[in-house]
Amino acid sequence: MKYTPRELKDNVNISWTSPLKELFLLLGGVLGIVLLVYIALGFAVDVVVKKLPAEIEKDLGGLYSGMYENTEKTPAGLRLQQILDELVKQLPERELQYKARLVHGSRANALALPGGNVIIFSALIKEIDSENTLAFVLAHELGHFANRDHLRGLGRRLVLLFFSVALLGTDSSVTNFIMSSVINVEMKFSQRQEKMADLFALDLLNRRYGHVSGATDFFERMSKKEKMSHILYYFTTHPYPESRVGILNEKIKEKGYAMKEKIPLNDSFKSPED
Amino acid sequence: MEQLIIFAVLITLGYTAGTIAERKHYRSINARESNFLNLPAVTVKNALDEDAEIEKVHLVLGSVVVSIDYFKRFLAGLRNLFGGEVKSYETLVDRARREAVLRMKEKAERANIILNLRIETSSIGQSANKRQALGSVEAIAYGTAVYLKKKG
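These protein sequence lines are chains A and B, in that order.
Counting along the first sequence from 1, when you hit position 130 you're at 130 in this note's numbering, and nothing is skipped either side.
Counting along the second sequence from 1, when you hit position 26 you're at 26 in this note's numbering, and nothing is skipped either side.
Quick caveat, the hints were computed from the structure, so don't treat them as lab data.
On a predicted model such as this, the values are computed, not experimentally measured, just so you know.
Just so it is clear, CB atoms sit at the ideal spot from N, CA and C, and this is done for glycine as well.
Watch out, some of these pointers could steer you wrong.
What the hints assert, rightly or not - Quick list of the computed label-pair ranges, beta carbon to beta carbon:
1) B:LEU13 <-> A:LYS9: 28 to 36 Å
2) B:GLU85 <-> A:ARG107: 29 to 37 Å
3) B:GLU50 <-> A:SER15: 41 to 49 Å
4) B:LEU13 <-> A:GLU127: 36 to 44 Å
Between the sequences and the hints, there should be enough to build the whole structure, so can you do that?
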């Protein structure tokens, strides 16, 4: 047998198409499908949220109560509840029993959870120096309840989480990519909802106190403090504090709300941890 | 947003680094393959002339582990959704096979022929046994190197 060495010219085992072309084609397909699902989901959630009975919302709230139920009835917690109750009296309709909870936390943030739970983190209290400002934050969360934003956000996230995990598993890079792009779309919705809640809160604050002093204090303080880094949790779901101050000031001018003396914060808030 | 930026950086890094490494590897493979053109490696067990006198034989083995870059992995992940040829893995396996054969040949530079060549692959690494993930691929090539006595 004679062996004649010969070089092979083509490689049949490799496709010579551009991988970038393939990437854009596949990515376009995935994003198209995700977008369609997301839009359909958005409509579905909006319909469900409007018709969701208060009973079911209470049950949903039960899921969260375990996380925050153990907050003690401190003087600060009781005072917080009083401020909230005063605000709730001004609301035209009351479907839920609103409960304020003061929770130890390092983020200056407040949450509206299903079932009428308003969570205020202790770090937020440190950024506040008047009762009016605290009332504004509480009224802002009440605005989320009134617009049912807390259910909207929950519904979308739950359904999306379910789908991506069921289809692809938790540690697929595709799931991570889909989730991060979905979260970014969600952010826009949230920023609009935050604006609506801000305006709701401004109106409620005026009805409760007869003036709107202190409404912008918290955001002004935050915008001064956080100029350094914009990539903080608070700003990823909320508009920049500076633009919120601007929008609120415009509204105050437009409606001709009065500015009067602020009520200083109750002493019990001074050191909520102790 | 940060997540998307990190993702874009990883994809670009994976694509650039992966492409550069792959081109370099292919250049090296092609050059070495033409160097070894005179050492055939065949799958048959006996391809020798009947009157050939054998000086010695021994087992030769070459193995290589090649990893996939982030870009290719992502592309293959997308392929998993739609089905079809996973083209982004083709070069990975091709490079691994050819490199393994080359390393095997380097073990027997002066041999006349390598008989009974076998190539095997396996996936190794953290994600080796997960359903949709491929970490790195190992290719092993082995055969019998045959040295013939010089005639005359």
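query: Does the hinted range 29 to 37 Å hold for GLU85 (chain B) and ARG107 (chain A) at CB?
result: Violated, since GLU85 (chain B) and ARG107 (chain A) (Cβ atoms, about 48 Å apart) do not stay within the stated range.
- prompt: That 36 to 44 Å hint for LEU13 (chain B) and GLU127 (chain A) (C-beta), does it hold up?
  reply: Between LEU13 (chain B) and GLU127 (chain A), where Cβ atoms are some 39 Å apart, the hint holds.
message: Does the beta carbon distance between LEU13 (chain B) and LYS9 (chain A) stay inside 28 to 36 Å, or does it fall outside?
response: With a Cβ separation near 33 Å, LEU13 (chain B) and LYS9 (chain A) satisfy 28 to 36 Å, so the hint holds.
- prompt: How does the Cβ-Cβ distance of GLU50 (chain B) and SER15 (chain A) compare with 41 to 49 Å: does it lie in that range?
  reply: holds (43 Å)
In summary, the structure is inconsistent with hint 2 from the numbered list given earlier, while agreeing with all the others.
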